[in-house]
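So the chains spell out like this:
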Amino acid sequence: GESVGLHLPTLSVQEGDNSIINCAYSNSASDYFIWYKQESGKGPQFIIDIRSNMDKRQGQRVTVLLNKTVKHLSLQIAATQPGDSAVYFCAENPETSGSRLTFGEGTQLTVNP
Amino acid sequence: DGGITQSPKYLFRKEGQNVTLSCEQNLNHDAMYWYRQDPGQGLRLIYYSQIVNDFQKGDIAEGYSVSREKKESFPLTVTSAQKNPTAFYLCASSVQDFGSPLHFGNGTRLTVT
Numbered sequence: 475g476e477s478v479g480l481h482l483p484t485l486s487v488q489e490g491d492n493s494i495i496n497c498a499y500s501n502s503a504s505d506y507f508i509w510y511k512q513e514s515g516k517g518p519q520f521i522i523d524i525r526s527n528m529d530k531r532q533g534q535r536v537t538v539l540l541n542k543t544v545k546h547l548s549l550q551i552a553a554t555q556p557g558d559s560a561v562y563f564c565a566e567n568p569e570t571s572g573s574r575l576t577f578g579e580g581t582q583l584t585v586n587p
Numbered sequence: 041d042g043g044i045t046q047s048p049k050y051l052f053r054k055e056g057q058n059v060t061l062s063c064e065q066n067l068n069h070d071a072m073y074w075y076r077q078d079p080g081q082g083l084r085l086i087y088y089s090q091i092v093n094d095f096q097k098g099d100i101a102e103g104y105s106v107s108r109e110k111k112e113s114f115p116l117t118v119t120s121a122q123k124n125p126t127a128f129y130l131c132a133s134s135v136q137d138f139g140s141p142l143h144f145g146n147g148t149r150l151t152v153t
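In the order they appear, the protein sequences are chains A and B.
Going letter by letter, the first sequence gives residues 475 to 587 in this note's numbering.
Going letter by letter, the second sequence gives residues 41 to 153 in this note's numbering.
Chain A with its partners taken away, still in its complex shape (with noise of 0.2 Å):
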């Protein structure tokens, strides 16, 4: 089937330095994008979400960019700092599923001091 997929599982940077997610969709059909963090031994927490009739959104320090034309949907952050490191999941909802998710496998981002 169809499913959510990240170009990189691991992305190590500089504190103070953007960082920029990816994530790849195979389904043509997701009109709805989430983006979590994870914690270690913590459940998800919701970060910016973004709706397919739109290309970019920003939440604070961060920026989800959409471009449905290569299923792509990218999370940046803004002056990343030590608490960021976390694993980040996207996540796709297609309409027809209702309020179902499909997760990604997840990025392990590290900030390095």
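Check the hints yourself; a few may be wrong.
Below, simulated DMTMM-like cross-link-like pairs (lysine to aspartate or glutamate); rule was C-alpha separation at most 20 Å, straight line [claimed, not checked]:
{"no.": "1", "chain 1": "B", "residue 1": "Lys49", "chain 2": "A", "residue 2": "Asp505"}
{"no.": "2", "chain 1": "B", "residue 1": "Lys97", "chain 2": "A", "residue 2": "Asp529"}
{"no.": "3", "chain 1": "A", "residue 1": "Lys516", "chain 2": "B", "residue 2": "Asp78"}
{"no.": "4", "chain 1": "B", "residue 1": "Lys110", "chain 2": "B", "residue 2": "Asp94"}
{"no.": "5", "chain 1": "A", "residue 1": "Lys516", "chain 2": "A", "residue 2": "Glu569"}
{"no.": "6", "chain 1": "B", "residue 1": "Lys49", "chain 2": "B", "residue 2": "Asp94"}
{"no.": "7", "chain 1": "A", "residue 1": "Lys545", "chain 2": "A", "residue 2": "Glu513"}
{"no.": "8", "chain 1": "A", "residue 1": "Lys516", "chain 2": "B", "residue 2": "Glu64"}
{"no.": "9", "chain 1": "A", "residue 1": "Lys545", "chain 2": "A", "residue 2": "Asp523"}
{"no.": "10", "chain 1": "B", "residue 1": "Lys123", "chain 2": "B", "residue 2": "Asp78"}
{"no.": "11", "chain 1": "B", "residue 1": "Lys123", "chain 2": "B", "residue 2": "Asp137"}
{"no.": "12", "chain 1": "A", "residue 1": "Lys542", "chain 2": "A", "residue 2": "Asp558"}
With the Cβ distance kept under 10 Å, some of the chain B side facing chain A (calculated, not the full set) [claimed, not checked]:
{"no.": "13", "residue": "Gln46"}
{"no.": "14", "residue": "Pro48"}
{"no.": "15", "residue": "Phe52"}
{"no.": "16", "residue": "Tyr75"}
{"no.": "17", "residue": "Leu83"}
{"no.": "18", "residue": "Tyr88"}
{"no.": "19", "residue": "Phe95"}
{"no.": "20", "residue": "Ala101"}
{"no.": "21", "residue": "Ala132"}
{"no.": "22", "residue": "Leu142"}
{"no.": "23", "residue": "Gly145"}
{"no.": "24", "residue": "Asn146"}
{"no.": "25", "residue": "Thr151"}
Treat the hints as calculated values from the structure; they're not laboratory data.
The structure displayed is predicted, hence computed values, not measured ones.
Glycine included, C-beta positions come from ideal geometry on N, C-alpha and C.
Given chain A, put chain B in place with the hints provided.
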């Protein structure tokens, strides 16, 4: 504070025993979900429930059972038929509608020996 409570945080069982994981939410959400997470991997859907007294199998329901007798509660039983039960189990809830993020608990780590 509204949220999702999973208990216990750590659970140990002997092989061949059934075990029930608790999940309670006070967010007044209609939909609840159980996901399984294995080390270094994404989340896989076990069961979900969109309304009280109704639930559906997810992608990996074999060896698991659930009940939804109350809106606030969605317990998961890991039966002895589950061949590889050791994992991190995450409960989530959401409003019923498409395009709503899931809110997660902090998980139960089950170890079966």
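Here is what the structure says about each hint:
no.	hint	result
1	Lys49/B x Asp505/A	violated (34 Å)
2	Lys97/B x Asp529/A	violated (33 Å)
3	Lys516/A x Asp78/B	holds (13 Å)
4	Lys110/B x Asp94/B	holds (11 Å)
5	Lys516/A x Glu569/A	violated (28 Å)
6	Lys49/B x Asp94/B	violated (26 Å)
7	Lys545/A x Glu513/A	violated (27 Å)
8	Lys516/A x Glu64/B	holds (16 Å)
9	Lys545/A x Asp523/A	holds (16 Å)
10	Lys123/B x Asp78/B	holds (14 Å)
11	Lys123/B x Asp137/B	violated (34 Å)
12	Lys542/A x Asp558/A	violated (27 Å)
13	Gln46	holds (8 Å)
14	Pro48	violated (13 Å)
15	Phe52	violated (16 Å)
16	Tyr75	holds (8 Å)
17	Leu83	holds (4 Å)
18	Tyr88	holds (7 Å)
19	Phe95	violated (13 Å)
20	Ala101	violated (13 Å)
21	Ala132	holds (8 Å)
22	Leu142	holds (6 Å)
23	Gly145	holds (5 Å)
24	Asn146	holds (5 Å)
25	Thr151	violated (14 Å)
Violated hints for the displayed structure, listed by number in ascending order: 1, 2, 5, 6, 7, 11, 12, 14, 15, 19, 20 and 25.
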